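Chains as they are written, first to last, in our numbering: chain A, 1187 to 1605; chain B, 1187 to 1605.
Incorrect hints may appear among the rest.
Since copy identity is lost for identical chains, a pair holds within one copy or between any two.
[Stated by the list, open to error] List time: in silico EDC-like cross-link candidates among lysine to aspartate or glutamate, alpha-carbon distance up to 20 Å:
hint	residue 1	residue 2
1	K1591	E1302
2	K1217	E1192
3	K1282	D1301
4	K1591	D1301
5	K1303	E1208
6	K1196	E1318
7	K1421	E1245
8	K1282	E1302
9	K1380	E1355
10	K1483	D1274
11	K1199	E1318
12	K1515	D1364
13	K1292	E1302
14	K1211	E1200
15	K1591	D1274
16	K1525	D1541
17	K1539	E1245
18	K1327	E1450
These aren't lab readings, by the way, just hints derived from the structure by calculation. Keep in mind it's a predicted model, so treat the numbers as computed, not measured.
There are 2 protein chains.
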Amino acid sequence: MSKYNELYNKIKKEIIGGQLNEGTKLASVRKAAFIYNVSRTTVQNAYFALAADGFIISEPQSGYYVSYRRAKHTEEKQQNACNKILYDFKSGNADKNSFEFDLWRKYMKNALRCDEKLLSYGEPQGEYELREMLSDYIREKRNVISSPNRIVIGAGHQSLLGILCSLIEKRGSVSFPDKSFIQGAALFRDYGFKINYRYKDAEIIYVSPSHMTVLGDVMPNKRRIELVNLSAKNKSLIIEDDYESDFLYNSMPAPSLHALAGGENVVYISSFSNLLLPSIRISFMVLTEELAEKYEKNIYRYNQTAGKTEQLALCQYIRDGHLKMQIRKTRRFYTAKTKQFAFMLAKEFQNAKIDISENALKIIMTVPFAKSTDIFEKNGISVLYENTENNCLKLIFNTSSVPQKDFAGAIQALKSSVR
Amino acid sequence: MSKYNELYNKIKKEIIGGQLNEGTKLASVRKAAFIYNVSRTTVQNAYFALAADGFIISEPQSGYYVSYRRAKHTEEKQQNACNKILYDFKSGNADKNSFEFDLWRKYMKNALRCDEKLLSYGEPQGEYELREMLSDYIREKRNVISSPNRIVIGAGHQSLLGILCSLIEKRGSVSFPDKSFIQGAALFRDYGFKINYRYKDAEIIYVSPSHMTVLGDVMPNKRRIELVNLSAKNKSLIIEDDYESDFLYNSMPAPSLHALAGGENVVYISSFSNLLLPSIRISFMVLTEELAEKYEKNIYRYNQTAGKTEQLALCQYIRDGHLKMQIRKTRRFYTAKTKQFAFMLAKEFQNAKIDISENALKIIMTVPFAKSTDIFEKNGISVLYENTENNCLKLIFNTSSVPQKDFAGAIQALKSSVR
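Please put together the full structure from these sequences, using the hints given.
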């Protein structure tokens, strides 16, 4: 640890521990250098960082003072972060057993051997060979007819939506299925678009047909067709986020809007985060012909965000057929987990109403509840919940990141929280 | 190759080869399925893709027609891409010998072994341990006083500037040092900011002090101080892009604006693309205290774009002292290359004026020239040039991606182009 860091930690500890109270003036830089036997620069750097992190404030022409209110805020935040969550039903992180790490490592190692390719900046649009592979892949899987030239790769949906915003000149109105996709709405708003939640009036309709709400509802075929017809009539643009379309449990696989619309007026967007690993950040979108032309004309404006090594690894991984196997495996694995946990819940909470979402990734349990909801975190459980009428609580469990061996413990912790 | 792809390539070849002329009507889907002995879906898919790539157009209620004008455009583009560039003095790609691949592979392999870490989404702000490391690193190197909480990591400058745009509520005016940073200006414009090139009137001043123009000019200290004072007086925000600050050759290392301003009103932004590999896309920015607070409040809006594996690898690579060594090595290596090529140019073009840029990454050669500049590409040379007065041409060479063993050949190709 650098000297500056040592001093920073020492003073921070004194502030949090209460030895240095609100408003206490710190020693001057000169004096502190003498006291702690370090250089003035070290003291200056430590003071700067303490101020940056909110533990002290600088009064011009006077000196540095302890700012306890802000220190307390920072301390609480740090403590909250330490508050150990044992059963995380919220994050959607992956289960270790859902993914063959050794196989992926093999592909990454192969990609890392492509010295020549790694010496250059990547193609702004994404590596051509991966776009070619994706084009074939979504044609076969979702009947989305595309071509490498119409596919843009990026590190996550947000990067891609940023590009999309820059391609749409008219800053019209955008609708979202519900208020849960905060990031998307905020991005469009920042670019000057107007947000509404009535798709019938919107010039741009953002929709995730396999995940319409936080409960994972799937859009019925009838509504899909209505939506595509409406978009054709109004010449509105559909942005189809195909999130979780690989996870269908109660319902039959539904056609993509892109296929239903014959590729007209639909931008298709998808990713691999919940099929492979959340830390592999590769999303892609299929532009309409018009938007693809515009993108090509303005290509000098864009840089690629997704890592080249991971793009090359993913391409070969798909080419060798592993993605298809991984999809089957992931679906089977997570469906089994959801069912198992739902079964255990039903056994222990006999007065609760328990449902499995259409995509089999979520369990919705409604149960009588009159306590403070803080109890869950206190008992080490992180879970989404909504208050409902009649003093009931609706709990939404995503079991993906909780290993099966922890299910029994989680049920016990839930029992002591709910009863 | 899929059947659809075979058919696509077959028809494309006939269009480019001229067997199918402008306006020729293609066989109907039914007929083509019969002719080529494939399914109708295969034909439909091939036609769709040909239309998407601009080789044919669809006339509703009539059929598909060859669109030769667009096909020609596509063909030319494809041919241009094939036009072999032997000596690339333009791209800024890395030289194989500037980087120890085996060492980097070792760090990537170690990072890929962190199974637990790769199971979760990364921190939106970037991995904490890397932010901590960067905070120490830039303090030591550029006297930029920061803290992990004020650093945001992202895949490239563009992602970070997008976040910055969303944090600045007032869509005021932004100035750039010259017109070469098209991507930045376009991004700010898309977010509703006004662009000008007079920094004195701007509310936001974008500046890259070690790379003021395409020639790599360095901002003198006197102007740095003036700029910082102006920003303090006008309460304008400086965005300091520290691009190429590691490469100084003719001038003394200059202090960062962030340090000169005592961290007030300056957002510092930097990356590792030209120190390590262009394909490692990790940039970072240091926010002001005010912007960092705003970022923290809105953190749910952002996702991380930089890959987690590469972040973890880079962190350990810096921790083990390799970045510092790499900087020294890269600087020495590229300076030597630039000098060597400048020497060779001076020997062969005795009537030319030859200068080395301040950062020793570019050579500027002004030489009498009366031909068409197409000659360079024809002779396999890719180079930036500007016409000057008196029938002279100013050529700007970046030797980074041309191996030293190719220098003699490049000089010969240049001689036959210029003389």
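Alpha-carbon proximity between K1282 and D1301, which holds within one copy, between copies, both or neither at 20 Å: between (30 Å within a copy, 8 Å between copies)
Homomeric proximity label, K1292 with E1302: Cα distance no greater than 20 Å: both (19 Å within a copy, 18 Å between copies)
Up to 20 Å CA-CA - E1208 versus K1303, copy category: neither (56 Å within a copy, 38 Å between copies)
Within, between, both or neither: K1199, E1318 at alpha-carbon 20 Å: For K1199 and E1318, the Cα distance is within 20 Å only across copies (18 Å; inside one copy 55 Å).
Intra/inter-copy verdict for K1380 and E1355 if alpha-carbon distance must be at most 20 Å: both (13 Å within a copy, 16 Å between copies)
Alpha-carbon proximity between K1421 and E1245, which holds within one copy, between copies, both or neither at 20 Å: The answer is between: 19 Å across copies meets 20 Å, while 58 Å in one copy does not.
Within, between, both or neither, where K1539 and E1245 count as close if Cα-Cα is 20 Å or less: For K1539 and E1245, neither the intra-copy (58 Å) nor the inter-copy (55 Å) Cα distance is at most 20 Å.
Status of E1302 relative to K1591 across identical chains (alpha carbons, at most 20 Å): Between. Shortest inter-copy distance 16 Å satisfies the 20 Å Cα cut-off; intra-copy 45 Å does not.
Within, between, both or neither, where K1515 and D1364 count as close if Cα-Cα is 20 Å or less: neither (30 Å within a copy, 53 Å between copies)
Identical-chain pair category, K1483 with D1274, by Cα at 20 Å: neither (46 Å within a copy, 23 Å between copies)
Status of D1274 relative to K1591 across identical chains (alpha carbons, at most 20 Å): within (13 Å within a copy, 57 Å between copies)
Same-copy or cross-copy closeness of K1211 to E1200 [CA-CA at most 20 Å]: Answer is within: at 13 Å inside a copy they meet the 20 Å cutoff, but 82 Å across does not.
The structure does not agree with the numbered hints 5, 10, 12, 17 stated previously, though it agrees with the rest.
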